[in-house]
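> Given next are the chains, with one letter for each unit.
Protein chains: 2
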Amino acid sequence: MPKAVVLLSGGMDSATTLAIAREQGFDCLALSFSYGQRHALELDAARAVAGRYGVRQETVIIDLRSLGGSALTADIPVPKDRPLAGMGKEIPVTYVPARNTIFLAFALAWAEVSGARDIFLGVNALDYSGYPDCRPEYIAAFERMANLATKAGVEGVRFTIHAPLIAMTKKEIVARGLELGVDYGMTVSCYDPVPGPLACGRCDACLLRLSAFAGLGKKDPAAYR
Amino acid sequence: MPKAVVLLSGGMDSATTLAIAREQGFDCLALSFSYGQRHALELDAARAVAGRYGVRQETVIIDLRSLGGSALTADIPVPKDRPLAGMGKEIPVTYVPARNTIFLAFALAWAEVSGARDIFLGVNALDYSGYPDCRPEYIAAFERMANLATKAGVEGVRFTIHAPLIAMTKKEIVARGLELGVDYGMTVSCYDPVPGPLACGRCDACLLRLSAFAGLGKKDPAAYR
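Quick note, the sequences are listed as chains A and B, same order. Heads up: the first sequence at position 160 corresponds to 160 in this note's numbering, and the numbers run straight through without jumps. Heads up: the second sequence at position 68 corresponds to 68 in this note's numbering, and the numbers run straight through without jumps.
For the record, the hints were derived by calculation from the structure and aren't laboratory data. Note that the Cβ used here is the ideal one computed from N, Cα and C, for glycine as well. Please note that a few of the clues may not be correct.
[What the hints assert, rightly or not] Here are a few chain A residues that sit away from chain B, every Cβ distance over 10 Å (derived from the structure):
#1 Gly25
#2 Asp75
#3 Ile76
#4 Glu137
#5 Gly217
#6 Lys219
#7 Tyr224
[Claimed, not checked] Across the chosen pairs, the derived CB separations fall in these ranges:
#8 Asp81/B x Val157/A: 26 to 34 Å
#9 Glu155/A x Gly156/B: 36 to 44 Å
#10 Glu137/A x Asp63/B: 30 to 38 Å
[What the hints assert, rightly or not] Which chain A residues face chain B? A few, computed with CB under 8 Å, are given here:
#11 Ala98
#12 Trp110
#13 Thr150
Just chain A, with the same shape it has in the complex (with noise of 0.2 Å):
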C-alpha cells in the first residue's frame, strides 16, 4: 500500500479527507497540529478519528499565539451568526496567517521521512471562509515548490498534494463522508467550543456544517450547547 500523511485537524472536512485517502488505498499517517488554537478540543477528535480508522497519527507541537492577529489563536471573539452568503466574499479574524504553509510543510518533512509521496488536506474553496490558503492555484503553488524542496525530490520522488474536496460544496462532503462510513459524532468542527465537546452552533465553521447536514434532510451528530 502506498503512504500518504493526511492533515487532520479532526473536523469534519479533515475526517472525511482521511475516509477519501484510506479508500483510495493509502497507507495514512495522520498529522495534527497543537497550534494554541481555542478549540484545542479537535486534537481529542483528531485522535479519536485516527484511532476508529487504526491509522498512526502525530501531533505537531508548535505555538502561533505569539504570532497574534487571529480569533483563533489570540484574545477576538470568534465572529457569530455570519450569513452563510457572505462568506468567503472576504477573509474574516479567523484566519490564522500561513498556517497552511506551516502544516503542509511539516507534512512535506514527514512525507519525505516515511516514504510517502502523498499528502491529502481537507480544503475546500466553494462553501468556505475565503482563506487564501484553500484556493486551488495555492494548493498547486505549494505542490510545485515542494517538489524542488527535498532530497527525496532529487533523487526523483515526485509528491502530490491532494485536496480531494476542493471543488465540493459542503453538502456533497458530509455526502460523501456519510457514503464512506464517517462518524461525524466524533468530529469536532466549531471554532469555539465548550468541553464535552459542545459546539457554539454559531461560528462559520457550525452554520456551514449545520446547512450542509439541513440541506441533506439529516441531523447532524455532533452535540451543540
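Fit chain B to the given chain A structure using the hints.
Using the frame of chain A, we list chain B on its own:
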C-alpha cells in the same frame, strides 16, 4: 524604514545576511529556530548577533527530532574531514527534511503579522553542502507560493524572498561581511560544537568557513577545539 524578517541561525552566512539587510535600509526582525539541533549553541550566537545590531529577535520552538533522519537532529554522527571538492555533489546526512520550507513558512507568517514584505535568508548554492532547499529555483518557487498564501497577498502585498548570498563563494561572503563590520567571532557555524563555544574544525560547515578565511589570508576569529 521598510520592515524585513531575517532568518538568523547564528552562523556566518545568516549574520552576513542580517548585515546586508540592514545596509539595504531594512528594519529587521530576526527569526531563529530551536528545532532540536545538536548545535543549539548557535542560538546563543543568534541572540548575541541580534543584540549587537539592536534588532528584535524571536526564537520559534519546534521539534524536528521526532522526524529523525538527520545527523543534526538524531543520533547519527556528523561527517568529518570530507574533502571540500566533494561537497555539493551529493546531499549529506546533515540534511534536515524540509527544514528551509518550515523556516520560511514561519517567516512568512511573521512577515504578514509584522507588516514586512521582505524575507531574507542566508542560503548559498555555490560553496555548500548540496542541500536542495538552498537552490535558486527552490527560493523562486517558495516566493511564488508565498504570494498566494496569505491574506496580505490577497490585499495586494507582494512578498520578496531575498537570498543575497546565493551566488557568492564563501570567500566573497566573508569579504562582504568584513566590509560591513560583521564580528564573526560572535557566530557559530559548526554542526558539532562544544560549550565555549568551540567549533570542531572538521565538519562541512567548519571546513567551508575555514577555507573562506584562509582564502582571504585572514584568521577566523571563532574558537576551535
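> So, for every hint listed, does it hold in this structure?
Consistency of the hints with the structure:
no.: 1; hint: Gly25; verdict: 25 Å, holds
no.: 2; hint: Asp75; verdict: 15 Å, holds
no.: 3; hint: Ile76; verdict: 13 Å, holds
no.: 4; hint: Glu137; verdict: 6 Å, violated
no.: 5; hint: Gly217; verdict: 36 Å, holds
no.: 6; hint: Lys219; verdict: 35 Å, holds
no.: 7; hint: Tyr224; verdict: 29 Å, holds
no.: 8; hint: Asp81/B x Val157/A: 26 to 34 Å; verdict: 30 Å, holds
no.: 9; hint: Glu155/A x Gly156/B: 36 to 44 Å; verdict: 39 Å, holds
no.: 10; hint: Glu137/A x Asp63/B: 30 to 38 Å; verdict: 32 Å, holds
no.: 11; hint: Ala98; verdict: 4 Å, holds
no.: 12; hint: Trp110; verdict: 7 Å, holds
no.: 13; hint: Thr150; verdict: 6 Å, holds
The earlier numbered hint that this structure contradicts is number 4, and it is the only one.
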